[in-house]
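Undergrad: Position chain F against the provided structure of chain H, taking the given hints into account.
Chain by chain, the residues run as shown.
Protein chains: 2
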Amino acid sequence: MPPKKPSGTLSPPVIQRLSEYLLILEQFIAQEQEVVSSRALATVYGNNSSQVRHDIFQIEHKGSQSHGYLCSELIKDIRIALNLQNEKNLCVIGMGNLGRAITAHVPFDRYGMKLSASFDVDPNVIGKKIGGVEIFNSDDMSNIIKEQNITMAALCVPASRAQKTCDLAIHAGVKGILNYSRIRLKVPEHVSVHYEQIICSFMQLSYKCSL
Amino acid sequence: MPPKKPSGTLSPPVIQRLSEYLLILEQFIAQEQEVVSSRALATVYGNNSSQVRHDIFQIEHKGSQSHGYLCSELIKDIRIALNLQNEKNLCVIGMGNLGRAITAHVPFDRYGMKLSASFDVDPNVIGKKIGGVEIFNSDDMSNIIKEQNITMAALCVPASRAQKTCDLAIHAGVKGILNYSRIRLKVPEHVSVHYEQIICSFMQLSYKCSL
Chain H
1 MPPKKPSGTL SPPVIQRLSE YLLILEQFIA QEQEVVSSRA LATVYGNNSS
51 QVRHDIFQIE HKGSQSHGYL CSELIKDIRI ALNLQNEKNL CVIGMGNLGR
101 AITAHVPFDR YGMKLSASFD VDPNVIGKKI GGVEIFNSDD MSNIIKEQNI
151 TMAALCVPAS RAQKTCDLAI HAGVKGILNY SRIRLKVPEH VSVHYEQIIC
201 SFMQLSYKCS L
Chain F
1 MPPKKPSGTL SPPVIQRLSE YLLILEQFIA QEQEVVSSRA LATVYGNNSS
51 QVRHDIFQIE HKGSQSHGYL CSELIKDIRI ALNLQNEKNL CVIGMGNLGR
101 AITAHVPFDR YGMKLSASFD VDPNVIGKKI GGVEIFNSDD MSNIIKEQNI
151 TMAALCVPAS RAQKTCDLAI HAGVKGILNY SRIRLKVPEH VSVHYEQIIC
201 SFMQLSYKCS L
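Order-wise, the sequence lines are chains H and F. The numbering of the first sequence is full-length UniProt numbering, which starts it at 1 and goes up by one. The numbering of the second sequence is full-length UniProt numbering, which starts it at 1 and goes up by one.
Next comes chain H alone, as it looks inside the complex (with noise of 0.2 Å):
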C-alpha cells in the first residue's frame, strides 16, 4: 500500500523546488522531452531522486513514477498545488534598473500574475510604460493599489525608504512584499516577506568556489 500524501500545506523549501521543477519540465517540453523519470529531474535540479518522488508526493499528482512523469500532467498539477491558476494582482515600487529589469523580463502572466503597475517618485518617468505597464507617481500608490486589487509588490527601492514605502503598501493592502532592499522589514503578521537579497546569493556562490 503505498504511503497516505501528507495533508496541509506545503513548507517553503517544497514550493522552492517545485516552482524550479516548473520551469526544468517546461524546459523539456521546448525540447520535445514528454516523459521525465524522478532521476533525470533530479540531475537537472541537482538534488536527488527520492526528494524529487517525495516532492511530488506532497502534490496530487497521479502520475506513475515507474514508467517516469508525463511532463505536460506534472506541470498541470505543480500549477495547482502553487494555486497559480488564480490571478493575482501585483505591483513593481521603484523603477530603476532593477525595478525595469522585473518589468521588462519576468513572465508574470504565465504564471497566474498580473503585473498592473509600477510606482516611481523621478517625474522623468512617471507616465510611461515599460512592458506594458504604465509607470505611476509613488503619490498615488495608496489608490492605485486599492483600486487594482493589488496584493502583492515588489520593493526595489532604496534602503533608507524601505520601512515607509513597506508600510504604505500594507496600509493599501499588500499582503506579500518581494523585498530586495538590503534591509529587513518589520510587518503585521498577516504579511509575508520574501527576502531577495542579491549579495547574498553571491556569498553563497563565492563560498561554494572557495571549497
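Accuracy of the hints is not assured; some may be wrong.
To be verified - Below, in silico cross-link-like pairs of lysine to any residue (SDA-like), each with a Cα-Cα straight-line distance of 20 Å or less:
1. F:Lys-208 with H:Pro-12
2. F:Lys-208 with H:Val-14
3. F:Lys-114 with H:Asn-89
4. H:Lys-208 with F:Asp-167
5. F:Lys-76 with F:Gln-16
6. H:Lys-128 with F:Asn-97
7. H:Lys-208 with F:Asn-97
8. F:Lys-175 with F:Lys-186
9. H:Lys-146 with H:Asn-89
10. H:Lys-128 with H:Tyr-111
11. H:Lys-186 with H:Asp-167
12. H:Lys-208 with F:Ile-199
13. H:Lys-186 with F:Tyr-45
14. H:Lys-208 with F:Lys-208
15. H:Lys-208 with F:Ile-170
16. F:Lys-175 with H:Gly-46
17. H:Lys-208 with F:Leu-185
18. H:Lys-208 with H:Gln-31
19. H:Lys-114 with F:Cys-200
20. H:Lys-114 with F:Ile-199
21. F:Lys-186 with H:Ser-49
22. F:Lys-164 with H:Gln-31
23. F:Lys-164 with H:His-67
24. F:Lys-114 with F:Gly-132
25. H:Lys-175 with H:Ser-116
26. H:Lys-129 with F:Gly-96
27. H:Lys-114 with F:Arg-182
28. H:Lys-186 with F:Ile-24
29. F:Lys-208 with H:Gln-27
30. H:Lys-175 with F:Lys-208
31. F:Lys-146 with F:Leu-168
32. F:Lys-208 with H:Val-187
33. H:Lys-129 with F:Asn-97
34. F:Lys-62 with F:Gly-46
35. F:Lys-208 with H:Lys-128
36. H:Lys-208 with F:Asp-109
In case anyone wonders, no lab produced these hints; they're calculated from the structure. These numbers were taken from a predicted model, which means no experiment stands behind them.
TA: Just chain F now, with coordinates in the frame of chain H:
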C-alpha cells in the same frame, strides 16, 4: 560539556542563513545595537532561536549565547566562516537592466568580492563604465577572464544565449556561475551554479499569499 562543533563544510541552507544573519547584524550595528540574543536574531530573520544557535554553533564563534552575541564579533566570525576575507574577482555578463542593477548597486567590495569587468554585445554600451566598471566586448570575454583571474560570473543574458556564454566563461576559467537566465545549464563537475530565477521567488510569494 558542550557538544562538539561539527567538522567539514557548511550545508547550503546554513550558508544561506549565515549570509542573511550577516546583513541583519550589520543593520543592528548601524542602529547602534551591540549585543543580540539568538531569539532577537531569529525574530528578525523569521526562524526560531534554536536554529539560530545551531547555525552559529557550526562556525568558530566563541561568544556566549547566554548573554547574547556581540554583533561585531559574530559578524567577524561569519565573514571568516563564509571565506569572505579572500578576495575573488567576478564579472557580469549581459548589461541589460538586470546586469546594470547588479553592477551599479551590489556592494561586492564589502563582502570579499571584486567586480572587475562586465560584458555585452551592444556596440553602444561597449567601452562605457557603470559604477566604475568597464563594459567590454563579449568577444574579448575569454581573454579578459584569464587576464583578470575572474572566477565567478553573473549570467544576465537571454535564455537563447545562456548555455553558449556559460561554456565560454567556464572554458576561460570561471568556476562559479550565478545564473539569472530561465534555463538550466549543463556544466562540468568542478563548476558551481547558483540559480536565481526571479519568477520562482514570485511563485513562492504568491503561494504564501494564497493561504
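Undergrad: With reference to the structure, classify each hint as holding or not holding.
TA: Comparing the hints with the structure gives:
| no. | hint | result |
| --- | --- | --- |
| 1 | F:Lys-208 with H:Pro-12 | holds, 9 Å |
| 2 | F:Lys-208 with H:Val-14 | holds, 12 Å |
| 3 | F:Lys-114 with H:Asn-89 | violated, 38 Å |
| 4 | H:Lys-208 with F:Asp-167 | holds, 19 Å |
| 5 | F:Lys-76 with F:Gln-16 | holds, 17 Å |
| 6 | H:Lys-128 with F:Asn-97 | holds, 16 Å |
| 7 | H:Lys-208 with F:Asn-97 | violated, 27 Å |
| 8 | F:Lys-175 with F:Lys-186 | holds, 13 Å |
| 9 | H:Lys-146 with H:Asn-89 | holds, 11 Å |
| 10 | H:Lys-128 with H:Tyr-111 | violated, 25 Å |
| 11 | H:Lys-186 with H:Asp-167 | holds, 9 Å |
| 12 | H:Lys-208 with F:Ile-199 | violated, 24 Å |
| 13 | H:Lys-186 with F:Tyr-45 | holds, 11 Å |
| 14 | H:Lys-208 with F:Lys-208 | violated, 30 Å |
| 15 | H:Lys-208 with F:Ile-170 | holds, 15 Å |
| 16 | F:Lys-175 with H:Gly-46 | holds, 16 Å |
| 17 | H:Lys-208 with F:Leu-185 | holds, 17 Å |
| 18 | H:Lys-208 with H:Gln-31 | violated, 30 Å |
| 19 | H:Lys-114 with F:Cys-200 | holds, 15 Å |
| 20 | H:Lys-114 with F:Ile-199 | holds, 12 Å |
| 21 | F:Lys-186 with H:Ser-49 | holds, 18 Å |
| 22 | F:Lys-164 with H:Gln-31 | holds, 17 Å |
| 23 | F:Lys-164 with H:His-67 | violated, 33 Å |
| 24 | F:Lys-114 with F:Gly-132 | holds, 12 Å |
| 25 | H:Lys-175 with H:Ser-116 | holds, 16 Å |
| 26 | H:Lys-129 with F:Gly-96 | holds, 17 Å |
| 27 | H:Lys-114 with F:Arg-182 | holds, 19 Å |
| 28 | H:Lys-186 with F:Ile-24 | holds, 13 Å |
| 29 | F:Lys-208 with H:Gln-27 | violated, 25 Å |
| 30 | H:Lys-175 with F:Lys-208 | holds, 9 Å |
| 31 | F:Lys-146 with F:Leu-168 | holds, 11 Å |
| 32 | F:Lys-208 with H:Val-187 | holds, 15 Å |
| 33 | H:Lys-129 with F:Asn-97 | holds, 15 Å |
| 34 | F:Lys-62 with F:Gly-46 | violated, 24 Å |
| 35 | F:Lys-208 with H:Lys-128 | violated, 32 Å |
| 36 | H:Lys-208 with F:Asp-109 | holds, 18 Å |
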